[in-house]
Amino acid sequence: MSTLTPDVAVPASETPGLSVERTRSWKAPIALAVFTILALLLVTAAHRGGHSTFRLASSTDFVKLPNAVLPTAGTGVVLTIVLAVITLLAAAQVARWQKVPLWLLAVFGVLFFVAFLTWAGSDNSILVPGLLIGSLGLSTPLIFGALGGVISERVGVVNVAIEGQLLGGAFVSAVVASVTGSLWVGLVSALVAGAVVSMVLAVFSIRYLVDQVIVGVVLNVLVTGLTSFLYGEVLTNSPGLNKGLRFSAWDIPGLSRIPLIGPLLFQQNVVVYLMYIAIAAVFIGLFRTRWGLRLRAVGEHPQAADTVGIKVNATRFWNVSLAGAIAGLGGAFFTLGDLGEFQKEMTAGAGYIALAAVIFGRWDPIRATLAALLFGFASNLQNVLSVVGSPVPSEFMLMLPYVVTILAVAGLVGQSRGPAASGKPYIKS
Amino acid sequence: MKLELQGITKRFGALTANDHIDLTAEPGEIHALLGENGAGKSTLMNVLYGLYQADEGRILLDDVPQHFAGPGDAMNAGIGMVHQHFMLVPVFTVAENVMLGHEETTFGGRLDLPGARAKVREISRRFGFDVDPDAIVEELPVGVQQRVEIIKALSREAKVLIFDEPTAVLTPQETDELMAIMRQLRDAGTAIVFITHKLREVREVADRITVIRLGKVVGEAEPTASNAELASLMVGRSVELTVQKEPATPGETALVVDGLRVIDAIGQVVVDDVSFELHRGEILAIAGVQGNGQTELTEAILGLQDRVEGRILLDGREIQGQSVRRVLDAGVGFVPEDRTEDGLVGEFTIAENLMLDRSYRSPFVRRGWLKLVDLAQFAADKVKEFDIRSQGITTPVGRLSGGNQQKVVLARELSRDLRLFVAAQPTRGIDVGSIEFVHKRIVATRDEGVPVIVVSTELDEVTALADRIAVMYRGAIVGIVPADTPRDVLGLMMAGETPDAPDSENHQKEQLA
Amino acid sequence: GCGSAPSASKTTSASSKYLPCMVSDSGGFNDKSFNELGLDGLKEAASGLGTSYKAVESADQTVYSSNITSLLNQKCNLIITVGYLLSDATKTAAKANPKTDFATIDDNEIDAANVRPITFETDEAAFLGGYAAASYSKTGVVGTLGGQQIPTVTIFMDGFADGVAYYNQQKHKNVKLVGWNEKTQKGVFTGGFEAGTAAKQAAQTLLDQDADVIMPVGGPIYQSAAQAIKDSKKGQVLIGVDSDTYQTDPQNASLFLTSVEKGIAPATKAVVEDAAKGNFTKTPYIGTLKNDGVGLAPFHDYKDKISSTLPAELNTIKAGIIDGSIKVESPAALTK
Amino acid sequence: MSEVQPTPSRDERSRTILRDIVSSNAMISVLAVVLALVISGILIAATDPTVEKTSGYFFARPGDTFQAIWSSVSIAYSSIFQGAVIDFQASTFAGAISPLFDTLNFAMPLIVAGLGVALSFRAGMFNIGGQGQILAGAAAAGWVGFSFHLPLAIHLPLAVIAGIVGGAFWGFLVGFIKARTGAHEVILTIMLNYVAFYLISFMLRTPGLLQAKGTTNPQSPATLPSAVLPPLLGSQFAVNVGFLIVIAATFFCSWLLNRSSLGFRFRAVGENPHASRTAGMSVKGVYVWAMVLSGALVGIAGATQVLGTLTTGFSSGIDAGIGFDAITVALLGRSRPWGVFGAGLLFGALKAGGYAMQAANGVPIDIVLVVQSLIVLFVAAPPLVRTIFRLRAPGAGGGPSTTAKPPRRLRRAAAESSTAQTVEAAQ
Ligand SMILES: Nc1ncnc2c1ncn2[C@@H]1O[C@H](COP(=O)(O)OP(=O)(O)OP(=O)(O)O)[C@@H](O)[C@H]1O
Ligand SMILES: Nc1ncnc2c1ncn2[C@@H]1O[C@H](COP(=O)(O)OP(=O)(O)OP(=O)(O)O)[C@@H](O)[C@H]1O
Ligand SMILES: [Mg+2]
Ligand SMILES: [Mg+2]
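Protein chains in written order, with this note's numbering: chain A, 1 to 429; chain B, 1 to 513; chain C, 1 to 336; chain D, 1 to 427.
No lab work stands behind these hints, which were simulated from the structure alone.
Keep in mind that the hints are not guaranteed to be accurate.
Lysine-lysine pairs mimicking DSS-like chemistry, simulated, CA-CA at most 30 Å apart [as the list claims (entries may be wrong)]: (1) K305(C) to K290(C); (2) K424(A) to K284(D); (3) K176(C) to K64(A); (4) K243(A) to K424(A).
Kindly generate the complete structure, drawing on both the sequences and the hints.
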């Protein structure tokens, strides 16, 4: 070493270790306090008596958990006290210059929902598995879309076209399954349809350097127009093209008998199981394999990838296509996995919500999945609450998931950093 | 391995960036490639590395003609390149960066990260680097990042190594270390092509020197050639290499920085209790290895930092805690370190960039209207005055060369009534001719009685421009010393050691007296 | 103006040149609801009369009047507008084109010589549906859900609620209705008229409340409810709305206990035929139980599964409603 | 010391000019429209029942198939023309040109909303929230329009201003939240669309808010005559005074972006927020202002909807998809005010013509979406169009550059000063 190190050595590897000024943000305790006060208002000003029943198992479950019957007022008071205690704990934590741990926030969130449901479900019963299963169903296409979005953006192409990919997948899978009579062929055709939409995105943004957001938006319009046109001109006149075939649910032996979890996760149809696989595959693939390493390199620093011999634009093209294929599967959920028939504009903005989940989930497959689940939960909560007769007008209940998303994005996520080269075309001489 | 380039020609549209260039690098030789900005050096190397396809000419390795369709081919043939702008993925770890492109995998296609780590450690040990394979690249100092680039090339067993301006971002010490590494590699039989603007380095390390200008080889030189000879070969005319300036005549105190602390987004104290005073008509150079708080210091003065404590008084008025606009209005001129990112709007025209900091009121705005005629006149004047070479004032600045971009920034910042001028890395990455010009303007500004702060990691520049030198280390000022302080003392200070002179401020005062 | 269009259109011989036309509301003609049924009626009438017809869809409410204008340019003799949202556009166009006949479905506010309103007292039929549902239910819970909370939807739900209540009162039972509270006018809505995951989950929440008879009101959303029922595999049933869905949707036929029919297709057909024969009148066509303009469809597959006395009870109730001894009330009902 | 540029010979220059015209943006746009129409024509023909029938015996009598294809497509497109430009079957001159005014009427909200979206684009933001902003604008304008009894001179402007304020407020929410918390405007605008929709739906069915008296339908009362935008050219033509507002808005945007200091800051922040901040601009302020102005412009579209297009009371579908159409309009217009104006006219014509086509031969209106999106795609990718039509690329500066040209006056001033320079250099 002596020959190599000059006399006045600055050990170059030594990062200047700086002292750290601790920061504290009162955002979290304040938010908790607001919700605690809300809970307090519910149990006092909007007092409701009676009993609230939480049914933990539906009648077909293998293991029947007992119902939880809670006195509405009493439970409300107790939970409000617990919420207040958590708020104080959080405040104390911040006062001691420490961050409020995420799990505490999670516990608070769950308890608040329980408190709210108890209040809203006064003299009524709420089927908890139903609430959760419904949430999963509403989330499934969002998760597929979000996974497609994550892959595409990670490789450097902003994917606003998720809506188009979902819709394309839904349309083609319904038609192909009807024509061939095979659900499986339909499923594969959804992959292809999503990939084709994506390829248009890829060709225009990579080959022709058109702004990716522009292509995405326009593709959504194009696919909406095309499917609606064909639906009106062709499908409605030949019902044989839109027979409404569906996958039925498969119980996974053993697993499906686990109380609560079993019916929720393991009595689903194949599209949902494919979703589990997709989540795991995308997560492992992105962070543990050569494919993921290269993909992320291309999305972060395409020149660097190019200089080590990775074909940037080819990588982008194929991965964007793959992303479309995954989103196309989500489209198949609308038809083959859920409703059977294709309906005009049946995705109803799910692609945009999936896009929001991608950003909300900070371009991470797991977080994006969680974001999509949150959205599905909020949507289904709305359903459940309006059934148990919550006194809030239906429109405000319908607004709930969107407001929750705004609050979450504004309050929790804030500025987030996407893949550095996302949205930028790679131009090589 | 012997590298030979024969008659390489590369055209970009009408522009011939390389015009029949011949170049040979023998094994065990460091071949320096000198040339002004835009001379065509990087283009030539990119052709060699398979990033560009040559329009004419051939590449031979050990006398075998090669065809490189992409960098992959070049790498497989044994060519490695340390790029002018690092080609590292910032969010990846060192090991991931090193393995990228030739990853080993274990069962099921999983990445063999342990293998990559081992490789990084092995190469580090061989060359005496100290690089943690699991460190995230963007968190590493530039010097270390460059080592990662070298490890990357070595991990692929490169026999021909190209260094494209590797020293532009290094401290003198790091530069020395790098040159030691280059010698070591050379001695191991690697053929090295070394590109730089810095004549001192060339003479120190090169075995052979080729100079190109406007895409053509204009001559070869021996390492013994004088700076002036090399410079005039490069530029095609004689250049002044030292800054001509009269001794400073400092006036009253203009800027007082007192107990300044800056805390960054993750809570680190990046500027730690910095205090100094600055007089009218004086240049204070802030030296230091990059990343020791200089950037944040200048940004804090300008009001760009969010969490700042302490006081900054300009002519007795507090400017700390003010908005950037207020600070600019108070008469601060600022040349940011990263001109394309912070100094210019690339898609805007030269004229529009020249009014960027005066978009609220006169002289270019009246009652919400832009005064385009006045602006055009002003821009035309400035283009002439600062010799900004372009097709005209409506050229988007993104299309200008780096030196000309910097001139646009300078023209803008120096055309207000200044009470303080702060220039961060004013000559980074620009050519000798432009450096000369920029230095002259800075000194002229001082001579008008404006206090000037120059931040530079180049010791040459620091010593040439400064009336006093402040050295920063880990966010604090290690000492403020006179301009004639020897380089090695400055080097030690940059490494965090307090200067020998027990009381440098006293020394300074003596000088003033 | 009518230009070269034969003004002799009111004679039977020229009926092949009679051109009846229709404008949908923003739901479009594939809404599995009134737009589609209206079009069906128009098609039937046209083929019966041996004429052609024109139908235009409105993508949104701002194009109602320009669609009507387009049809006027096509020299239509009768323009039927579907849905109360087209009421104002119809009124304006009718005033400006007194020579063209108009008919408007689900709206009775226009009073003009060349406009014939077509409306339905749907709550009367829904009352029967509610009663039948309550009678059939084994769990003691029945449900309903809507697309959007608008009168043409809630009128079904109100009638249904009254029917359930009447059953409870008559039989001293306590069948519970979920998804709609007539008093507070609050309930479960999917937010739109699309069949889809959202609609399916909304239906599922009703099933989760143990409802075993569900009446989804809002075009195709019943399809989602059908999927929810199939998935739950517990043999719940549906009550269709608008048409006899047992016949219009064979795929899901086995799920339909019955349907609350709103005779849009026959009404439209009758109005077109009247007009083509020169019998156009401004007198509203009001579909009621009395004139069989609304009604309860047969029980089809469930004939043998319902209580044996139910048909008779329903007949009595029907008579009661017709003679006014049984009151059906809905805030959504058009002022009679 | 200015750069010595080789001046091209006159001959060479004129050849370049010719080539640039052929492959210029205008030409590309025309070809893009042609291409989009051709593709949509194929779709129309392929799904036409007669074509399908005749193709069954194609090999026996191919002529029938071609005849069917030709008639399906030609009828479709001639009815578009008839519905959007000139109705050559009309008996009167007024009747013949009245489709032109239908086009203007449809274009009106598309242009203003497109301007709003374009403005946000130029400030570096993506406003997908047109739907919400139109709803907010329409609700506010509508409420003022039906609630107060005032003279026309006061009432009408007041209602329009209310629409502007409504849209601006909905835009402000986005800008404000983004500036305060850094939340992504794409998420915010999407979510606020839904919030607006449900909020307006609720208000429309709640007596005392927006619901018309004496009805249970979720519909607002009719706009009072004193707040209705009067027809511009007499009542036989669809276009109303709102079009003047739209023209004024276009002039305003053009001024704002090219000649005002606020617009200068919008563009600077849009291109490079870091440099803008370093140059003392308030980036957050720009976010807020840009979204406020963007929302205000979109709000005008809401106002013209309820004060001009549909004055008989509106429901929650009053946005009519314009918020999303506006995005394609802004894109086609390359975010430049007069470009947006032109794009809005084109899309207005397609919409007017599309409905006429639907009425004439039953081609679903959705085909218009296909045409629109194809046009935007092709316009955005000149090289593709050139490849298809085998055109040569223009000299320099072709490519998909979306950078705005500098304002013309600046260019002229620059030309003067640079000639002065060359003269000096020559001496
Ligand atoms: N995209 C472009 N379009 C047109 N001309 C360009 C473009 N990029 C660069 N140029 C021109 O090429 C020349 C050199 O540019 P370049 O940025 O390579 O210079 P450089 O070598 O970095 O010089 P400097 O030392 O000033 O940094 C300039 O005259 C510039 O105007
Ligand atoms: N991709 C490109 N397109 C057009 N012109 C280019 C391109 N790359 C380089 N040039 C031009 O080629 C010339 C040579 O550039 P090159 O980067 O090789 O210079 P250099 O000698 O490396 O300069 P520097 O010292 O600034 O790195 C410049 O005028 C530059 O503008
Ligand atoms: Mg270079
Ligand atoms: Mg350069």
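Going back to the hint list, which numbers does this structure go against?
Violated hint (a single one): 4; every other hint is consistent with the structure.
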